[in-house]
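Peer 1: This is what each chain is made of:
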Amino acid sequence: MSAGEVLLWIIFPYVAIATFLVGHWWRYRTDQFGWTSGSTQLFERKILGWAGPAFHYGALAAVGGHVIGLMIPKSFTEAVGMSESTYRWFSAIAGAVAGAVCVVGFAGLVYRRATNARVRRTTSRTDLAVYFLLVVLIGLGCWMTFGHNLLTKSPYDYRDSVSAWWRSLFILQPDVDAVQDANTVYQVHAIVAWAFWALFPFSRLVHAWSIPLQYLGRPYVLYRRRYAASR
Amino acid sequence: MWTNRPGTEYVWFNNVETAPGQGYPRRWSDQERWRGGWELDRRGRLRLRAGGRVKKLLTIFSNPDLPSLDDFYEPWTYDYETLVTAPLSDRDPVARPHSQITGQPMDVQWGPNWDEGLAGGPEHAIADPHLADIQEQVRMTYEQAFLFFLPRICEHCLNPSCVASCPSGAMYKREEDGIVLVDQDRCRGWRFCVSGCPYKKVYFNHRTGKAEKCTLCYPRIEMGQPTICSETCVGRIRYLGLVLYDADRVEAAASVPDPQDLLGAQRSVFLDPEDPAVQAAARAEGIPGDWLDAARRSPVYDLAIRWGVALPLHPEFRTLPMVWYVPPLSPVVGTLEADGYEADPDDVFGAIDHLRIPLEYLANLLAAGDVEVVRGVLHRLACMRAHMRKREVLGEEDGSLAQHAGMTAAELERMYRLLAIANYEDRYVIPQAHAELGERLMQQQGTCGLDFAGGPGNCGAVEARPDTSSPVVPVEGEDFHLVDLLSREEHRGA
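Chains as they are written, first to last, in my numbering: chain A, 10 to 240; chain B, 1224 to 1717.
It is worth saying that the hints were derived from the structure and are not from the lab.
Note that this is a predicted model, so its numbers are computed, not measured.
Careful, some of the hints might be misleading.
To be verified - In the DMTMM-like style, the derived pairs of lysine to aspartate or glutamate whose C-alpha atoms are separated by at most 20 Å in a straight line are:
#1 B:Lys1278 <-> B:Glu1255
#2 A:Lys55 <-> A:Asp40
#3 A:Lys55 <-> B:Asp1294
#4 A:Lys162 <-> A:Glu93
#5 A:Lys55 <-> B:Asp1293
#6 A:Lys83 <-> A:Asp169
#7 B:Lys1278 <-> B:Glu1262
#8 B:Lys1278 <-> B:Asp1288
#9 A:Lys55 <-> B:Glu1262
When you get a sec, could you build the whole thing from the sequences and use the hints?
Peer 2: Written out as structure tokens, the structure reads:
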């Protein structure tokens, strides 16, 4: 195991995880006022009307796919009687649909941000970094889903390589062997993803944690006392 | 609170629009288009017009009912620099308009009060949604045109649909004084309050990504002072006072089937401050004595309930709005004599139907289309005017007009004093907030309780960070020390 491999497959992920956790703690403690979706719908609503939902729903589906692909080991799906072929076609087709919807939406959002002067002016440097990382991540993700899974005779088995390494990080026994010979596209995707997670708490991506599910079980009109402790 | 800050240049917490006209944002009152406020479902239960909780979460990535900037207007400023830096020339330099959104030069196509005073005439005014069902009678010819001004702030509704629309739970109604506010720390910029408010009085600050709205100047209200918009109103037409109401009856009142019954239903929610049972119940709830006294002297209770001459704006939105309007008496139109009516300054009753502002228009605005309600109010106001004219100009004491109005002469004259003399202390009856305990708590926030003059100090704690979601943020230098001050005085003396 070379120093470079230790850096890439052990140190970098843990630094990213630490940055992700501490960054969120810090941001949540100190910057409630800056915690927002940063919507630009006020400026442009036509493209956003289809691109916004397409990107978000596609991305949420892709996140779900990652949860299944990374967190559920092959031994589990085999134990419940799901064949490799069934799993492959499920992941390839669902992943391709999610990826395609996400790409269409994302392309719409990037086009909108680039061409609409009102929206463009709101773009911060952090936003640009997020957009760059998303372009790489979504691009590579779709390449993997279409090129190495859906449209190939010999699909790449990421569950024995990248997924095994990813899970090993969380039990503090990093399995570098599993990833160091993995497909290069998967490797780059994984490394860029760690950079993405490290940037996450400092960007407006944090609004993802604010999906207001509590709204479903709440009375409509809320009252507050001015001095909660005064009675 | 001013809205010339970056991100709110297009925002007017208080705007005055011309009626008839499109308003701000354009055609805001057309709920077929904007789907704000509440409606009744098939079983007669109250629901948000824009859809329920599940639909909101599913459309959170693009709110289908959100007005865009152009529905308000694109804010601009002028390139004033040119005026002083332009080189010597035969022609005067021109300061061009620049968008405050993009910074680019722009062609101004629409702006705040673009159609003020019927500017643009039929083209703009006829697009007023309130005219939809009375187009036939309204001619935009000079002889028959009418206009009046409609000042609008947040209604601080009893049944606020903006609060109900906020998925984050960042909006709330204050229990003590009913003021509706946005918690800036908890707002996540989902924008449903903007579309949920049928009056379009919650705005999106595009710089901070948070919703903002009229705060009814709560720091002033807490000190017993009127809001800035009331204080500075040169016409002295704004009144502030408190009314007691039963919060448990709000939902039932907002759910009455016929929209024209909403006015009566809302009035029935208010409690009579003279009623001993109400007073006893209020005291039991811990409402202070000076608040009960203020409720008895409330000009709002007088106008909206006791005399019934003030009406809520668009009661049919079912939010039970709390900014009430006294409909304007307007000049009698010139065509009256052609109708066989003889102008007699004292025959006010026949004239009500010939006022320049059509009753139907006022009814669409203030009474869910119920013309009789508006007619009744104008009748009462006309009686007051005629009664005072007889007394002051002709020197006659005539009790019959008061009888016509269904009031005593003394009450009619009291109404006249409140509306026409409009003394400061009659217009604003605002009891101070009872923050004694809360303020003590606030001063101790973040300290260990030992941080007082002569005490052991702040226990090494970092300086208390003001809670920005709190309505009361300690002002810098607020906790001055009398001892320091006195010792400084001594130095000066010596």
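Peer 1: Now tell me if each hint is right for this structure.
Peer 2: Evaluation of the provided hints:
1. A hinted pair counts as satisfied when its Cα atoms are at most 20 Å apart, and B:Lys1278 with B:Glu1255 qualifies at roughly 18 Å.
2. The suggested pairing of A:Lys55 with A:Asp40 is violated, with an alpha-carbon distance near 31 Å, which exceeds 20 Å.
3. A C-alpha spacing of about 14 Å is found between A:Lys55 and B:Asp1294, which places the hinted pair at or below 20 Å, so the restraint holds.
4. Simply put, A:Lys162 and A:Glu93 have alpha-carbon atoms about 14 Å apart, close enough for the 20 Å limit, and the pair holds.
5. Proposed proximity of A:Lys55 and B:Asp1293 is supported: the alpha carbons are some 13 Å apart, at most 20 Å.
6. The hinted pair formed by A:Lys83 and A:Asp169 meets the criterion: a straight-line CA distance of about 7 Å does not exceed 20 Å.
7. Taking the CA atoms of B:Lys1278 and B:Glu1262, the gap is near 16 Å; set against the 20 Å cutoff, the hint holds.
8. Restraint check for B:Lys1278 and B:Asp1288: satisfied, since their Cα atoms lie roughly 12 Å apart, inside the 20 Å limit.
9. Taking the CA atoms of A:Lys55 and B:Glu1262, the gap is about 27 Å. The hint is violated against a cut of 20 Å.
Of the numbered hints given earlier, the model fails hints 2 and 9; all others are met.
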